[in-house]
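Q: Now for the letters of each chain:
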Amino acid sequence: MGDLAARTAPYRAVLASRMRSQRSYRANFALDLASSALVGFVELAEVWVIFRSVDSLGGLDLAAVVLVFGVADLTFSLADLAFGHCDTIPTYLRAGTLDVFYLRPQPLLLQLITSDISLRRLARAGVGATALVVGLAINDVAWSASSVALVALALASGFATFAAMFVWAAGAQFYLIDGAEATNAFVYGGRYAATQPAAVWDRPLKAVFGFLFPMAFTAYLPVVTLLGLPGPEWMPGWLGWCAPVAALWAWLLALLTWRAGVRHYQGGGG
Amino acid sequence: MSAPIIETHELGRDFRVRDGVRRRTVVAVDRLSVRVAPGEAVGYIGANGAGKSTTIKMLAGILVPTRGSITTCGLRPVQDRRRLARQIGVVFGQRSQLWWDLPVRDSFRILAAIHSLSPVAERERTDELVERLELQELLGTPVRQLSLGQRMRAEVAAALLHSPRLVVLDEPTIGLDVLSKQRLREFLVAERRTHGTTLLLTTHDMGDVERLCDRILLVDRGSLVYDGTLAGLSRTVGAQRIMVVDLASPAGDLVDVPQTRHVGSEGSGMRQRLAFDPEATTAARVLAAVSERAEVLDLAVEEPDVEDVVRRVYASRR
Amino acid sequence: MFVRTYARLFVAGFRRQSTYRLAALGGLVANTTFGLLKVALLFAAVDAAGGQLSGYDVGAMSAYIWISQGLLGSINLFGRTDMAVRIRSGDVAVDFLRPVDVHLATIATEVGRSVFALLPRGLPSVAIGAFVVGMSLPDDPAAYVLGALSIVLGIVVSATTVYLVAATGFWLVETRGVEILYMVVSGFFAGLFVPIRLFPDWLHAAATATPFPSMMMYPVDVISGRVDGAESAGLVGLQVFWLATTIAAGQLATRAGRRRLEVQGG
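Protein chains in written order, with the numbering used here: chain E, 1 to 270; chain S, 1 to 318; chain L, 1 to 266.
One chain only, chain E, in its complex shape (with noise of 0.2 Å):
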């Protein structure tokens, strides 16, 4: 336990100074609760907006996709709490942040991780939190252990997914020049199609968002295996079971790029 604590450390000393520093303004904390809660729920508002003038969509009906949502968007705002700075790796690169980060004692990427974190986007995961909260209540779950396993298997690995994402998109970046609004595509198209019923997509889609970026796991998936109803082609009904081994992949595919990128950045960047 000591050791632990030893080794957290230094991690836990730049946690601790960003928090700090974040709230010590809090007229702007504020402000960046308040606007990262309006942005969450106008996303809810543009599925509310989608689901009340038809039945259901994609085998969804209003109550599902609020369900959808808010696995979907509480994932990933904690995800952008903790990681969402990993993204903006050219920022860093310019400053040199990431040079220095090679003159400490500790591996690049957990340096990257906990170099910063965003508090504002609580406010958006309560959200999220909400919405799944009122989602859980007005569907019609059949509550038993394997339910309750099934929604925290969910939860733990839709954050673990997007956060996954936010790793892929800062090692891609070592390599796209000006790249960020293509990895955006993924990682913030990804948050899109996580609150999207998968069953819509055509197969190229499929292919991107249920496989490939496994964004169908993180929320959608889940839901369905709780709620026991059909899966689209490709995607039967008991897949939402295996959100971790979608988690699992993805940090494998954001690992490898990063470590990539750090070789490309080490051998051909200057």
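Treat each hint with caution, since some may be false.
If we take Cβ atoms under 10 Å as the criterion, some of the chain E residues that face chain S in the derived model are [as the list claims (entries may be wrong)]: (1) A6; (2) Y11; (3) R12; (4) V14; (5) A16; (6) S24; (7) P90; (8) T91; (9) L103; (10) R104; (11) Q106; (12) L108; (13) Q111; (14) A149; (15) R263.
Cβ-Cβ distance ranges computed for the label pairs, FRET-style [to be verified]: (16) L:L97 - S:R271: 38 to 46 Å; (17) L:D139 - E:L252: 46 to 54 Å; (18) L:L97 - S:R123: 50 to 58 Å; (19) L:R98 - S:S316: 48 to 56 Å; (20) L:L97 - S:S33: 26 to 34 Å; (21) S:G49 - E:L252: 50 to 58 Å; (22) L:E174 - S:R123: 37 to 45 Å; (23) S:R144 - E:Y175: 27 to 35 Å; (24) E:A137 - S:R123: 41 to 49 Å; (25) S:R123 - E:S24: 21 to 29 Å; (26) E:L256 - L:R98: 49 to 57 Å; (27) E:Y175 - L:R176: 31 to 39 Å; (28) L:R176 - S:D246: 53 to 61 Å; (29) L:D57 - E:A95: 46 to 54 Å.
Some chain E residues well away from chain L (every beta-carbon gap over 10 Å; in silico) [what the hints assert, rightly or not]: (30) L93; (31) L109; (32) L153; (33) G228.
These aren't lab readings, by the way, just hints derived from the structure by calculation. Please read all numbers here as calculations on a predicted model, not as lab measurements. Heads up, the beta-carbon is just placed ideally off N, CA and C, and yes, glycines get one too.
Based on the hints, put chains S and L in the right spot on chain E.
A: Relative to the frame of chain E, chains S and L by itself:
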């Protein structure tokens, strides 16, 4: 001689750059073979683009060499980066290791945690650095509010907090006023004396080299062209000093002062510039000789600057 | 003389943008990805509604999606501008020394940048949409003329409206709150993710009481042919109204802001 703290053998580094549509290879460092012993203070000088920063990045494990080998503190910089980080401190003139929105004290605390210093070691070392770098007044100030000179002192303290054996300084005095430069140099001299720290610094400032370094490495287009003392370098290229004298009344050009060369006159001879070789004569003798010929109101002796020395070396090679 | 000055500023904005070609490519990837996801969801919604959703069939929905995606690089939905930075830093005092109208010069530059963005982002988005998904477009050439006019009006209204956000900086120390509010509301009311026709009536009424639908929703409706001739003309009329309103407000704000700077010594 004990085990070298830096040893490179035929070290080389290329960059591929895009030149319009075509890609070409630029050699940043070429066949660099150097040994630096513990406790040495080495000035690493050369024109912009001579490969200094590239070498430093290879020393610290940030860049992988294209050719040859390098060991820093007996370690392979890239593979053993994390172990090396405990023994090396780097001050980049242009990039900050401090947290810009936090007070200086907080940055030191975080860095102490990052380098796993014990509470006792942290307190002793922080106190020592704060005292020697005169940081007491600044500890509570957020980094973004520091002047350049203040920030640089805080940066140096941050890089030295974990008592590294090897300290690399990349243009540490650039942009500093005379007093700030002086303080920083005095600190580095004292640090080296008390802890036996090895110093490697790149600089454009001759004052840095003269006051801090007992050895010079001069690079040109990635290759080492001189390795020795400053005096030796000045001898090789005949670096001269210039005495500028302001006279009481207009005078003819002072072309007959022994061991000097008349370089120029302004204001009908009221101000004259004489070049002399410090190896052959002294400023005092030159002044005495000038005083025999005219009444001197004021004088100044200009040091040859690094750029000038470098230019002469480069010129002699081309 | 008057025209030439603003023409040059327009060209400068245009040129500066052309240096970011790689970023533009990345933007196109993002545009297309989001477009395909919108297609999946909204087409399914049209199907679920029986082939017709609030006046949109699949072809019109496709036109909505790809034209709005194409306009994304030209319409400022973020609320951040160079002008806001210049006002905050006080650099705007230098702008006031030049013999041009600061308000109109800013808008000319901004519109130049935006019109350029139509080339690498707008046209390819529409082309990809037409090629991959297919979309319905009007047969009547007059609709295109009106559509082009409507798009240009939309771009200008975006510049004149976001200028007002920047202008609050003459009075507020920190404009970030206004920018964030603009960002959240503008995308939603401009019809970025859902056409505002799908809104419930009260929300639709709220949206039409703002200049935001003039930036994106109306041009898209006009050029996609979702609305007919008379209604199209009405929408363009609304755009002109919002253009006049925002320009008038911008002129007043700039003059008042300038006086404030002069009084306070900038």
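Q: Would you mind marking each hint as holding or not holding in the structure?
A: Hints and how they fare:
1. A6: holds (7 Å)
2. Y11: It holds, given that the least Cβ distance between Y11 of chain E and chain S is near 9 Å, below 10 Å.
3. R12: Holds, because the Cβ-Cβ distance from R12 of chain E to chain S comes to roughly 8 Å (cut-off 10 Å).
4. V14: holds (6 Å)
5. A16: holds (9 Å)
6. S24: holds (9 Å)
7. P90: Violated. Min distance 15 Å.
8. T91: violated (13 Å)
9. L103: holds (5 Å)
10. R104: OK, holds: R104 of chain E within 10 Å of chain S, min 5 Å.
11. Q106: holds (7 Å)
12. L108: holds (9 Å)
13. Q111: holds (9 Å)
14. A149: violated (38 Å)
15. R263: holds (8 Å)
16. L:L97 - S:R271: 38 to 46 Å: holds (41 Å)
17. L:D139 - E:L252: 46 to 54 Å: Between D139 of chain L and L252 of chain E, where Cβ atoms are some 52 Å apart, the hint holds.
18. L:L97 - S:R123: 50 to 58 Å: The hint (50 to 58 Å, Cβ to Cβ) holds, given that L97 of chain L and R123 of chain S are roughly 55 Å apart.
19. L:R98 - S:S316: 48 to 56 Å: holds (52 Å)
20. L:L97 - S:S33: 26 to 34 Å: With a Cβ separation near 59 Å, L97 of chain L and S33 of chain S fall outside 26 to 34 Å, so the hint is violated.
21. S:G49 - E:L252: 50 to 58 Å: violated (41 Å)
22. L:E174 - S:R123: 37 to 45 Å: holds (39 Å)
23. S:R144 - E:Y175: 27 to 35 Å: Given a distance of about 32 Å, which is inside 27 to 35 Å, the answer is holds.
24. E:A137 - S:R123: 41 to 49 Å: At roughly 55 Å between Cβ atoms, R123 of chain S and A137 of chain E fall outside 41 to 49 Å, so the hint is violated.
25. S:R123 - E:S24: 21 to 29 Å: At roughly 25 Å between Cβ atoms, S24 of chain E and R123 of chain S fall inside 21 to 29 Å, so the hint holds.
26. E:L256 - L:R98: 49 to 57 Å: Given a distance of about 53 Å, which is inside 49 to 57 Å, the answer is holds.
27. E:Y175 - L:R176: 31 to 39 Å: This hint holds: roughly 32 Å between Cβ atoms.
28. L:R176 - S:D246: 53 to 61 Å: For D246 of chain S against R176 of chain L, whose Cβ atoms are near 58 Å apart, the range 53 to 61 Å holds.
29. L:D57 - E:A95: 46 to 54 Å: holds (51 Å)
30. L93: holds (15 Å)
31. L109: holds (23 Å)
32. L153: Holds, because the least Cβ-Cβ distance between L153 of chain E and chain L comes to about 25 Å, which exceeds 10 Å.
33. G228: holds (21 Å)
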